[in-house]
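Novice: Each protein sequence line maps, in turn, to chains A and B. Per this note's numbering, the very first residue in the first sequence carries number 1; after that it's consecutive. Per this note's numbering, the very first residue in the second sequence carries number 230; after that it's consecutive.
It is worth saying that the hints were derived from the structure and are not from the lab. A hint or two may mislead.
[As the list claims (entries may be wrong)] Here are the simulated lysine to aspartate or glutamate pairs, DMTMM-like style, with alpha carbons at most 25 Å apart: (1) A:Lys82 x B:Glu304; (2) A:Lys74 x B:Asp309; (3) B:Lys272 x A:Asp54; (4) A:Lys82 x B:Asp302; (5) A:Lys78 x B:Asp302; (6) A:Lys59 x A:Glu21; (7) A:Lys59 x B:Glu268; (8) B:Lys263 x A:Asp54; (9) B:Lys294 x A:Glu222; (10) B:Lys263 x A:Glu222; (11) A:Lys139 x A:Glu157; (12) B:Lys294 x B:Glu262; (13) A:Lys89 x A:Asp182; (14) B:Lys256 x A:Asp36; (15) B:Lys307 x A:Glu50; (16) A:Lys146 x A:Glu70; (17) A:Lys82 x B:Glu320; (18) A:Lys89 x B:Asp302; (19) A:Lys143 x A:Glu70; (20) B:Lys278 x B:Glu260; (21) B:Lys272 x B:Asp302; (22) A:Lys2 x A:Asp36; (23) A:Lys74 x A:Glu210; (24) B:Lys307 x A:Glu21; (25) B:Lys321 x B:Asp309; (26) B:Lys338 x B:Glu262; (27) A:Lys218 x B:Glu304; (28) B:Lys317 x B:Glu262; (29) A:Lys146 x A:Glu210; (30) B:Lys329 x B:Glu260; (31) B:Lys278 x A:Glu38; (32) A:Lys152 x B:Glu325; (33) B:Lys317 x A:Glu70; (34) A:Lys218 x B:Glu320; (35) A:Lys215 x B:Glu298.
As the structure is a computational prediction, the values presented were derived from the model and not from experiment.
Given next are the chains, with one letter for each unit.
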Amino acid sequence: MKLTQPQIQNLYAFTRQHYVEHYDLQTELVDHLANDIESVWQTQTNLSFEDARDQAFKKFGVFGFMDVLERRQKNMNKRYIKYLWAELKQWFTFPKLITTIAVFLIIYMSLSSVLAKSLLIGFYALICVFVIYKSVLLKRQFKQRKAMSNKKWMLEEIIFKQAGGSAIILLSQLPQFYNFSDNIFSNPYIVLGLSIFSTLFFLWMYISFEIIPNKAEKLLNETYPEFCL
Amino acid sequence: MHKKIMYVCNMANSKLYKGSLTTIILKLLNESEKMYGYEMTQKVKQITKGELNITEGALYPALHKLEAEGLLDVEVKKVDNRLRKYYKLTEKGNKETVSKLEELKDYIKTMETFMNPKLSLE
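Turn these sequences into a full structure, and let the hints steer you where they fit.
Specialist: Here you go:
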């Protein structure tokens, strides 16, 4: 006996009830539960759909879908970092390398000037404004996308909602920059180190808040074959 | 050989089994073009005559990890009235399968020597 469409929809709702919000994982779990139910029905023909479903769910153990969900999240984060890394590498090959060098030189020259401290604070304050503005914009976009498709994809959520999350922690330390002594800018190694770090930080922010969200469709299609279905 | 399989199977809940899960998945996919999660659990049950039971809670995280590492590729098809996700080996996955199987063979050989030292001296 095969499952009906309303029963499949019931399984989707069942996974949502058990904290699986993302359509990609829901789909896989729904198919698994459906296969198990159909297999159980071959031997226990009188078993109700709900009982067969609960029996299939029990096989996932006491934590239900939690283990699968947590590990999926971890692996999807890894995949996102991979995309981020691939994008970053492009900025160290031609033609983008020219822009990277230009950004580095501007930062380096700024930090070598007498206004080093103010320029450094100004630079990070600008990034901060950009990050906040883009975060709000991306979250709004994410909501609209979800409202349109009624589906939420794990990678999509990472791209639109968690972009550069750890950078926000770092940027929250911005007021600490005021405590920097002006003397540190007379040390060429510190200036060089700060310039390299700031260039990388700038690229990281630009990639995670601008480039990756703009490429979201392509990346989602690449990650989920079912995305276009 | 049968004894060897039984040994691995009886350890179904041990760390030994956990460590072999990746190899089991790779081996299964090496023998068929593509498979989906539920099919894998049933195939293992069938091959080992019910001695080895891959738990759902362990299978999917392992599959997702292999997918993230680029060893598996996925394909989604509409089957009956639902979507089904198939896994298949990538080129990198094929290479990894060969090395994992070699590793497992060496491990079994070493353990056999350890368990039957007299036999190995003969």
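Novice: Are the Cα atoms of lysine 74 (chain A) and aspartate 309 (chain B) separated by 25 Å or less?
Specialist: Roughly 31 Å separates the two Cα atoms, so the pair is violated.
Novice: Does the structure keep lysine 278 (chain B) and glutamate 260 (chain B) at a Cα separation of 25 Å or less?
Specialist: Between lysine 278 (chain B) and glutamate 260 (chain B) the Cα gap is close to 18 Å, so the pair holds against 25 Å.
Novice: Has the given pair, lysine 74 (chain A) with glutamate 210 (chain A), been kept, meaning a C-alpha gap of at most 25 Å?
Specialist: holds, 23 Å
Novice: For lysine 146 (chain A) and glutamate 210 (chain A), compute the direct alpha-carbon distance and say whether it is at most 25 Å.
Specialist: holds, 20 Å
Novice: Hey, lysine 317 (chain B) versus glutamate 70 (chain A), does the alpha-carbon distance stay inside 25 Å?
Specialist: holds, 23 Å
Novice: Please work out if lysine 218 (chain A) and glutamate 320 (chain B) have their alpha carbons no farther apart than 25 Å.
Specialist: The hint holds at about 22 Å.
Novice: Does the structure keep lysine 272 (chain B) and aspartate 54 (chain A) at a Cα separation of 25 Å or less?
Specialist: holds, 23 Å
Novice: For the pair supplied as a hint, lysine 338 (chain B) and glutamate 262 (chain B), is the alpha-carbon distance within the 25 Å limit?
Specialist: Roughly 29 Å between the alpha carbons, so the hint for lysine 338 (chain B) and glutamate 262 (chain B) is violated.
Novice: Holds or violated: lysine 272 (chain B) and aspartate 302 (chain B), Cα atoms, limit 25 Å.
Specialist: Within the cut-off at roughly 20 Å; holds.
Novice: Are the Cα positions of lysine 59 (chain A) and glutamate 268 (chain B) separated by 25 Å at most?
Specialist: Distance of about 15 Å is within 25 Å: holds.
Novice: Lysine 307 (chain B) and glutamate 50 (chain A) were given as a pair; does the straight-line alpha-carbon distance stay at or below 25 Å?
Specialist: holds, 24 Å
Novice: Checking one constraint from the list: CA of lysine 317 (chain B) to CA of glutamate 262 (chain B), max 25 Å. Satisfied?
Specialist: Given that 25 Å is the threshold and the Cα spacing comes to 6 Å, the pair holds.
Taken one by one, the earlier hints fail for this structure at numbers 2, 8, 13, 25, 26, 32, listed in ascending order.
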